[in-house]
Structure formats: structure tokens, C-alpha cells
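Below, each chain spelled out in residue letters.
Protein chains: 2
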Amino acid sequence: MSRGRDVPTLVARAREGDARSVARLISLVEDGAPELPAVAAALAPYAGTAQVVGLTGSPGVGKSTTTNELVRALRKAGHRVGVLAVDPSSPFTGGAILGDRIRMQEHTTDPEVYIRSMSSRGQLGGLAAATPQAVRVLEGAGCDVIVVETVGVGQAEVEIASLADTTLVLLAPGMGDAIQAVKAGILEIADVFVVNKADRPGADATYRDIQGMLALGERGPGEWRPQVVRAVAVRNEGIDDVVAAIEKHRGWLTKTGELRKRHERRAAVEVEAIALGTLRARMGSVRDGTGLGTLAAKVAAGELDPYAAADELLKSL
Amino acid sequence: MSRGRDVPTLVARAREGDARSVARLISLVEDGAPELPAVAAALAPYAGTAQVVGLTGSPGVGKSTTTNELVRALRKAGHRVGVLAVDPSSPFTGGAILGDRIRMQEHTTDPEVYIRSMSSRGQLGGLAAATPQAVRVLEGAGCDVIVVETVGVGQAEVEIASLADTTLVLLAPGMGDAIQAVKAGILEIADVFVVNKADRPGADATYRDIQGMLALGERGPGEWRPQVVRAVAVRNEGIDDVVAAIEKHRGWLTKTGELRKRHERRAAVEVEAIALGTLRARMGSVRDGTGLGTLAAKVAAGELDPYAAADELLKSL
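Residue numbers (our numbering), protein chains in the order written: chain U, -4 to 312; chain H, -4 to 312.
Chain U extracted, bound-state conformation:
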């Protein structure tokens, strides 16, 4: 970083809504730059000031279109909105294929909307570590609603969704999504289901399937019952219902104290990921022949078992 753009200056400019400073801060996050601790320290006071909305679903259910319409509705209601589009599906290339992000171009000239595709180029712990830091940057920049959009397929996505205060799961009719949702464990993380493309054949069946599965789950008094909303995002239908469900959930979170609990859980995941990343770096690698490398060679040769090796590794840290 050039000397003229030190961390406190960047954070101060981001506070004023300077998009370039926000972009620079998120790049530092993605790169796992050495300035990260300083960035985090400067942003700490703004923690928990935004509602973080996770939006997930299988490819093809209309996530980008829904996000786009959601941003429009939230802007109309006077919010400053941040969007993080996260694609962790490629462990080797780092993901972040831009694809239909083009749909959101209508918002790019709006200074009250900040949109960013995330990858994790250098972060230890990958996107699970980088995403919460990016959320902190957007909170620091004064966004009061932050939409984190992920492809809902694997465990990493479930982890990222767990960073949200409110998680929206998108389904579309005729994709066998109701069953898939159960299989992928997505049912457990959803606060709001959106049956998108609700004008298509099979939408009613999908709606009924989800309601049926929710009816099976036992809930104590005062527990949240996931809302199910129908929408046709591409025609901007049902989006107000989605916003209403998000607001209802926000009310419940605040009233029950669950919001604080979720923020603490999110912070715990974040702190743990940073700590484990640091430890991992200290352990060394199989390439350098020190620490982990030496122990791994002994295990591979049958001279040491992996538990004894792990013990030795931990003693050396």
C-alpha cells in the first residue's frame, strides 16, 4: 500500500462512502494482506450495525435476479445496501465467476449501493475467513443491509450462510429442490424460503413440499417458524413480501435476543478461522521439510502414527 493511503485514512474515507476506499479495503481482505489486523481494529466499533442477509440456492433458481430486485426494494425503503457475491465452488481457481452479475449493472451508478464479487486469493481459511471481514468493511462504510449471495451446494456455502442474521433459501419449481434442500442441510439454515419462478408449473407443489417439511419440525414456543414466500423475481413480483419476511425476522431476532447470539456465533467462527489460519501457517508445509513436512515423511514411512505426529506438531508450536 502506498504511504499516502494508510489504513486509518482508507477507513475514514470508506466511512464517508468513498467507493474506491471500500474497494481497496475489500481487496486487502481478499489478499490476506498484512494490513488486515489494522483494518479489523479500525472497523471494530461498527460491528453489528448492519442486518446481514444471506441468500442461497442451487444454480438456476434466480439468485442474481432476486438479489437485484431486493436491492431495488431496499433502496426504495431508504437503506444503504451492500452486496457480496461469493462463489466458492472452485477450490483451485478461487471462484468468483462474474457471469450474470451484469444484471446488477443498473445499480452501479447508485452511490448508496456497493456490489462486490468475492474471491479468496490469499486468505488463510479461504472465503469462510474472508467473507466476515468483507462484511465488516461494508458495515464500516455505513451499509445497514448487506446481502451475501452464495451458491448453495456444499458445506462451505452453509458455513458462509451461517454468517448471516437472516438466511434466505431460494427454490424453483421442478428442480427437485425440496428434496435437495433436505439433503444439503439447507432446511436447517433457512429463515425464509423464497419459491421463485412461482408462475411456473409445479410451483404450488414446491410450496406445499416446503410447508409440509416445516410442519414436521418441532418448535418450542417463541421459536422462529421459517416463512415461505412466492416470488417471480424477473417480473418484480413478491419482492415486497420477501422484504416483509426479512423485516419480520429482524424483529424476532431483536425481541428474543437471538440477534446478539447470532452475532457472537459469527464472531466465534471468525476468530476461530483466523486463529486456525495462523496455526496452520506455523505448522509449516509438506514442501519445506520442516515441522509438518518432517513428521509427514515419518508417518508415510510407517515410523510414526499420525496421532503421535500431531502431538509432536502441537508441542512444537
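Pulled a few chain U residues facing chain H out of the computed Cβ check, cut under 10 Å:
1) A37
2) P127
3) E265
4) A270
5) L271
6) T273
7) V294
8) E298
9) A304
10) D306
11) L308
Don't read these hints as lab results, they were simulated from the structure. For every residue, glycine included, the Cβ atom is placed at its ideal position computed from N, Cα and C.
Once you have looked at the hints, place chain H on chain U.
Just chain H, lined up with the frame of chain U:
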């Protein structure tokens, strides 16, 4: 564990090919039982004695059928064969849906074949930690080829596939799999591509797509060029070619010293996973209000930034 079935006795019986002792040892692995270090110590001398073959691909490409036919061919060639069927797709239920495992029933009366569906009920680090331990059990039981079958969709599967000496990636025509393979990073891990259902329309195109993509990759002299094999597993066609490709790869691994490197890399992943699991347990949880829990509360309240919290956490370990 009852006193009469201590770890050395179980391992000794597994060495003799006693299927119940093998089953018991793998259950200890799945449960993350306290006996695990003793199991690992007893099995250490047999490390690296089997060829571990990873077999992965999207749902519907015919993984189970191919595994079944592969086992038949390997048995005919005189091998003792182990099969681990791993389904990590459900982070909440722990996976291991048996489904079409029924296809393999023809092998269940063969004492030289050991088949097991894996889940990770108690293991810290999940299947990525449990699978290598289960491989060690099968190696200890004298299996000289171990097939690890996983659903190829996310990062966890790629990690599990990286435990193999030789990784087979199954594709089927008309599923857009060639593109998907690139997206999911599967291209990088494949040693052998099997275009299954090669009698269907589009098989030639899939074959050409893969060959085309492989032609794009640069390889130094002596580097492995992934083999592409056509098969119709359901009719037992092309399976001998798959076995030949596996053997060719084994020869290359041995000749170049890459086998030792892969075993060391596998051991490093294993040792690291065990060490990180131990550290994770020491860090505490957000629920108990100690260690990580206390720090997370401060981060959520904006009193501490996550990097400073991670530093404190590491000091306390």
C-alpha cells in the same frame, strides 16, 4: 469397548482378515473414539502398503456400478480389495446415504472384499480426518487396493480425492460434465478420466472435450498425462481398460518417486487435520462462555477486533 476386545487384539484379528474386527475398527474411527491413537499406533507399520484409488464424479454418472465392476476385475486379478463409500454432501446428518450400495451386494459374501459406507459421526475434522484412518484400517487388514468413492461436488470431495494415489474422475455424456469438471477443479485432480455410458449419444463429444482440455495443459517431460478411457460399466465394457490405466499410473508413481511424495502429502493433511481438531477442542466453543466464547462476545460488542481476539485465543492455548 469391552475389555476382551482391546485394540491390539482387534488389529491382530483384522490382520487375519476378520471382517467383524475390521468393522469395529472403522466404527472407532467414525466415532472419533478415545482408542483412536492406540489404533493408529498399532496400524502404523502397514502404512502405504495399498494402492488407494479415488473414484469421484457427479451424481448419476455411474460411480457405484463402476466401483462394483472395478472390484470384480481387481478380484479376478487376485487383489484383496477394500471399498470406502463416502458421502459428505450433508453437513448436518453426516451423509452416508446407502442408496444404490445394494449393487455391490454380490461382493458381500467374498471374504477378500471389504465394503463400507463411511460417515463421520464424531470425528473432529469430519470425513477429511476420518477417511485416511479408515484407509489405514483397510491397509492393516491386508487390502492391497482400496477404492474410495466420493460424490464429486464440493471442496470436501476434492480433499478426500487428494488422499488417493490415483484419482479416477467419472463423466457421462450429455451432462455438461466437461465444463462442470473445470468449474469444480476436478480436472486438476484427475489421473484417469472415465467417460462412462460411452454407448450414449454425446459420448464422443465428451471424450473430445476432455482430450481437448488436456491438450491445453502444459506438462514437463516425465509428467503424467491423464488417461481418458471409455466404459459402459453397466455392461462391464471398458473396465479392463480402466484397470490398465490404474496400473499404468501406479507404475509411473513408483518410477518417478511421486508415490512417496503423494504418501507424504497425504500424511501431512492427516496430521494437520488431527492437530487442528485437537486445537479446536481446546479453543472452546461459543456456548460455554469460556475461551472462544468470551472473546466472541467482545468482538460482537465491538470492544475487540477479530484479529486481536485470535491473538488472545492463541496465547491461551
